[in-house]
Amino acid sequence: MPTLVSHPEEVKIVSSRFGKGATDIERYIELDGYQAARTAVEKGADWVIAEMKTSGLRGRGGAGFPTGMKWSFVPKQSEKPKYVLVNGDESEPGTCKDHLIFLHDPHTVIEGTIIAGLAIGAKMGFIYLRGEYRYLLEIMEKAIADAYAKGFLGKGIFGSQIDFDIISHTGAGAYEVGEESALMESLEGKRGIPRIKPPFPAVVGLYGGPTVINNAETIATVPHVLRMGGEAYAKIGSERNGGTRLFCLSGHVERPGVYELPMGYNLKKMIYEIGGGIRGGRQLKAVVPGGSSTPVLLPNEIDIGMDFDQVGKAGSMLGSGGVVVLDETVCMVEFALRTIKFYQHESCGWCIPCREGTDWLKKTLTRFHAGAGVAKDIDNIRYLAENMLGRTFCPLGDAAAMPTIAFVKKFRQEFEDHLNGKPCAYAKQKMQESVLV
Amino acid sequence: MADVTLTVDGKKITAPAGTLLIDACRKAGIEIPAFCYYPGLSLQAACRMCVVRIEKIPKLQTACTTPVAEGMIVATDTDEIKQSRKAMLQLVLANHPLDCPVCDAGGECELQDMTFKYGAADSNFVDVKNHREEQQWSPVVYFDRPRCILCYRCVRVCGEGMDVWALGVQNRGVSSVIAPNGGDHLDCEECGMCIDICPVGALTSDTYRYKTRPWEMTHVSTICTHCGDGCKTTLGLRSSSDGMEIIRGDNRDKSGINGDFLCVKGRYAFDFANHKDRLTQPLLRNAEGKLVPASWEEALTFAGQRLHEIRDTRGGEQIGVIGSNRATNEESYLLQKFARSVLGTNNIDHHRTADYVSFAKALAGQEQRAASLREAETAPAILLIGGDPTEQHPMLAWNLRTNVRHNRARIYVVNHQEIKLRRQATSFLKISAENYSAFTRFLAGEENSIFGAEATALRETLATEPNLLVIFGSELRGAAIEALVRYGLSLPDTKFACLGDYVNSRGAADMGLYPDMLPGYVPVQQPGAFATEYGERFPAAPGLDLPSMLDVAARGNLAALYVVGSNPVHRYGVAAASLKNTFLIVQDMFLTETALLADVVLPIANLYEKAGTVTNTYGDLQLVRKAADRAGVRTDLELIVRLADTMGADVHALVPFGQGTRADMGQSRGAQSGEADRHAVWLAAQNLEPKLSPFDPSALLDEIQRLIPSYSFSRLELFAGNDQHVQATSKNNALVQISNLSQRPDGVLPSMDTLFTSGTMGRYSSKLTEVHDSRNKEILVAAN
Amino acid sequence: MTTEAPMKAPTIFSSELAARFDKLVALYPARRSALIPMLLYAQDEQGYVTDAAIEEIARRIGITPLDVRNVLSYYSLLRTKPVGKYHVQVCTNISCMLRGGQELFEHCKEHLGIGHKETTPDGVFSLEEVECIGACSWAPAVQVNYDFHDNLTADAMDAVLDQYRKQAGK
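Protein chains in written order, with the numbering used here: chain A, 5 to 441; chain X, 624 to 1407; chain U, 50 to 219.
The set of hints was computed from the structure by calculation and includes no laboratory data.
Warning: the hint list may mix true and false statements.
[Claimed, not checked] Result set (SDA-like, lysine to any residue): computed pairs, CA atoms no more than 20 angstroms apart in a straight line:
1. A:Lys-84 to U:Ala-75
2. U:Lys-130 to U:Gln-95
3. A:Lys-201 to A:Leu-393
4. A:Lys-127 to A:Lys-159
5. A:Lys-194 to U:Arg-128
6. X:Lys-1249 to X:Ser-844
7. A:Lys-345 to U:Ala-107
8. A:Lys-194 to U:Ala-107
9. X:Lys-752 to A:Asn-384
10. X:Lys-705 to A:Tyr-387
11. A:Lys-194 to X:Lys-705
12. A:Lys-201 to X:Ala-1152
13. X:Lys-1203 to X:Arg-929
[Claimed, not checked] If you want the footprint, here are the derived chain U segments under chain A, 3+ residues with CB under 8 angstroms:
14. 86-96
15. 116-130
16. 138-144
17. 177-184
18. 193-207
Glycine included, every Cβ here is placed at the ideal spot set by N, Cα and C.
Could you put the whole structure together from the sequences, leaning on the hints where they help?
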């Protein structure tokens, strides 16, 4: 069972029911559960969308698109059925927030899905969990069954004339499926290859019907937003970045864990106060601020607020909330290699630049880190990444290219230190310091 | 759709709204490179070669997925785009083996061309490429995985184009691989479309691989000799010790009536020409009754003298002539003219595979009601009664599928079997095999309890379809065709197509290879101009049809039989003994069951080895160009002329070859022969210069055009290689005057060929036989 | 794609799973949506996705076996070869790597005497180095079959493996 952490600076909204037994529907109801959905049923779609827009809630999957606006893009009239699709294919390295939501508060996901369905006029929602989260799928399945038994799902929910069904669904191991159109393909039983856009899912999505796709954390936030009111929620965060989000602190901090903090919370503070600073009193070397696809930040770049705009200004991205902290013992070439190895493994292979680019980056970095690098490799790594950037079929290519470019740019000296057959300067130290020894 | 105007590289271009940017640019002469984009197939946006910059859009966009828009400003040749294209090519080449010197695609490879053009000659990659061994997937398909650039064209053409879905994409990332449906092999129609469409040498064919380099071949486009669709096929030829050998068939330039398409037969079944049993010397039956080689002089003189003698002693009515489904129009025309005007007989027929006579009769007096094969790709609605296009008319099937895919055409299938095209059909009605005729009457309004609600619903739906294209198979004959056409004519703007089996089955019929029908379906009994054209030997009464000739022969009353490119002994199950009292001359490529019984066997050229025209079953007239050559064989046309000559007939009366002298007969090859250069032929057609040789088929085409009014077309277009649609009969056809035609036996014997058979000739195609056998083996294994 | 209606035929799966499949294919707006869960559940029951399972699932959904293979080969959790009774999946992605995931993987190799994607001779354990499993804040983490084990050390890992070994005997 993942350890739950707590810190006084936290503002617990999405995580407010963590560790309180809310997987049980009665307990969930006791903790104000399903109130928001009930109110939404009473007040209707326009009210819901207005509240969502006021709240400033932006998509927690990484792109940060305003949720209310996304919902309002769905056409009111549609020949084909509309759908809500909850993206619980949490796979961005460094990210484990949805894991906790599904584990501790499955009903809030269900409730958020119902509200999203109401807002866009859908009759069916899907909650897609990554295949590795089997035990969480089982928790979700039970929660859905309980909600049906209470009349919160199915025909005439909450005693209204509205029908709404939810199906929980499992993936089977594919990072790429986190991309929304690939997610739809996967749910339709196909290879997780993204679709050509336009049309966008809001117009032509699942089974050809208009579809809203939201990250699990976004959806889990929705009932809270309605409960506390969009305005109140917006006040918590920073400008144009409403509310809180779950930050997954990992790596070389003293107290890793998932913390819920207001949007715009200072990164340096997050590492040194919330996370308890660098493990063993070592020096900070770098921070990956939002999951492995976000460009790395240097220690002098981290005095920034963690919201979409400020991190963007610092040359990186808020991403999925995975804050990975690296201390001075890390070999950045090895770290770059491990990052690229992941994208090479997860590339769907559809387009040339991503399929070939990730593979040749991996090949080059593997050889390079092993001490067989040549001088032109460094430029070639950057050349490869720069020629993938913006040219691939979907954002996975960018996700591989962006951090790679940053690693080479910001740690070029470290790359050069690997030249001429010299062994990795960090390897020796690392072996000695390993937690296992 | 309305046109929109956009600016590409500073140039204003116009395209219909909805056009993809890549198509609009290409049409305007602005080249946009692409591997995965293929017109007519679904969009992939995978190769990223076609990226362009569109003003106000932050990222480069793929031209293959962007529809044109009014006022759009596009750049396709900036440094940024050049760099992007170059990088894509560098990435593809990173793992692509540079075995171009031995790769089949070398010299006609899109990757080579693009690398050359967009400059990806330098590479900084030093790591090892991933290698995999090549695999054989079927008797014709090989897959060389490292060469594959994953453009998915093969997957789409197989699935979307062919509706076979035998290829898939498996694994992911750099492990992604094209995979066949049988695990390690293909279970498919072996059309080879995947090979043709492959931009590189990843998919290669067993018939061509490692044989030659593309630039070492001569390429001649001509017409496939197999089914009644008459696809254009481009033959790759190489000179060999005994002529010009065919080494490849494809339709890579995508021209002609078949566009992209070619089936297993058009692509691979040309190898009968090189079969070891091919006859290259005339054979004469000697005193011991054995067939022994003879010289042309001996064989032709002997055959001609015997025919002369028989005609003069026993009369033309004791001579029979059987023509071919694969000879050119000119040859068929000449054969019947020879029979009627030289042999003095109307005993002429051919293996009939469809009732074209009834079709012509039903359409007599109508104009432009017979549909071209092309119309199957554009007609909004199609009624397909009988036939199995997937097996017997693969090009038609391709057009119908394409029509459904691109235009959402409605296809109504009525058949006694669950033919594959029902998968594209709006509705499928199963009727029993004996009810076709009743069904045509039912359509016309005759109530019949054997047809239920489904049939009634179909009839009602059809009544709402203007521009219906009615296509029917050989199950429908005689009165059924007449009833169907009558019904169709009651709807607005209906068109028709009658399905016959071989490349020139329709031509044979049009050219009058019938005992009772002259060219253009003019009844023998009302010969009109033919009476004078064909001279005094031309009998007034209809002759015997093919089965009757064989019956008469069995009774010992057929003195001579002249069989040209046909194998009636096998096809009609004739007992060997029944021809023992008949002097038999057979012209064929092989010692067929019929040739084995002959007194004289004359080895002939096949359709790939001669010039002329053929008419497909829809009436599309196309030019046949001489591609291959084989020492020792002659064309049917030449042999008929020479036979007539040895019989003492006036060759000038037979072939209007102008002012030449008899000395011209000496030349059967070279510039003065049937392969006279096209400029001369065209001049001749314009009456600007006389035909110089009696073996010039265009001399006969002159006469065909003069005597068959429905064969009206542009010769210029024809010689330019374009198909020309002709009608079976002209508006004022005499056929309407024949009252008792419905009592006439149709004499149709469908060939029952499949995708993997092609009459007697198919047996001599080693590749076709191999494919056929490998499939049967699989079926047997599966059954066990 | 074939659209022929699936035939009723004898199943190779347990009656419970067969019944679950009957429900699954009817649950979604399109039958094919059931494909990935079905493959995963078939694998759970049979250890891997067998050829027979591919045939039956294709038939149940009404698609070709090729289509099933195209999809199945895409997803990394699905496999067409058997693994050990306990499939030990060690995450070495960045967050785990920073907290010793790679060393933990090496330790497992040594402890079990097998390498990446190998199975012990007794068939009890198999080992795989995997990508991020979503336990980054509790790194290093390992999944054995579907069970998560986090905040591991070499000793803790040994204890986990011993526990499974004991269970295997039962």
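Hints, one by one, checked against the model:
1. A:Lys-84 to U:Ala-75: holds (19 angstroms)
2. U:Lys-130 to U:Gln-95: At roughly 10 angstroms apart (the allowed maximum being 20 angstroms), Gln-95 (chain U) and Lys-130 (chain U) satisfy the hint.
3. A:Lys-201 to A:Leu-393: holds (18 angstroms)
4. A:Lys-127 to A:Lys-159: At roughly 10 angstroms apart (the allowed maximum being 20 angstroms), Lys-159 (chain A) and Lys-127 (chain A) satisfy the hint.
5. A:Lys-194 to U:Arg-128: holds (16 angstroms)
6. X:Lys-1249 to X:Ser-844: Judged against 20 angstroms, a Cα distance of about 9 angstroms means the pair holds.
7. A:Lys-345 to U:Ala-107: Roughly 33 angstroms between the alpha carbons, so the hint for Lys-345 (chain A) and Ala-107 (chain U) is violated.
8. A:Lys-194 to U:Ala-107: Roughly 13 angstroms separates the two Cα atoms, so the pair holds.
9. X:Lys-752 to A:Asn-384: Cα-Cα ~17 angstroms, so holds.
10. X:Lys-705 to A:Tyr-387: It holds: about 15 angstroms lies between the C-alpha atoms, which stays within 20 angstroms.
11. A:Lys-194 to X:Lys-705: Distance ~35 angstroms between Lys-194 (chain A) and Lys-705 (chain X) Cα, so the pair is violated.
12. A:Lys-201 to X:Ala-1152: With Cα atoms ~67 angstroms apart, Lys-201 (chain A) and Ala-1152 (chain X) exceed 20 angstroms; violated.
13. X:Lys-1203 to X:Arg-929: holds (16 angstroms)
14. 86-96: Since three or more residues must qualify, the claim that chain A covers the region 86-96 of chain U holds, with 3 doing so at under 8 angstroms.
15. 116-130: Per the Cβ count (7), the hint holds.
16. 138-144: holds (count 4)
17. 177-184: This one holds; 5 residues, not fewer than the three required, reach chain A with a Cβ under 8 angstroms.
18. 193-207: holds (count 7)
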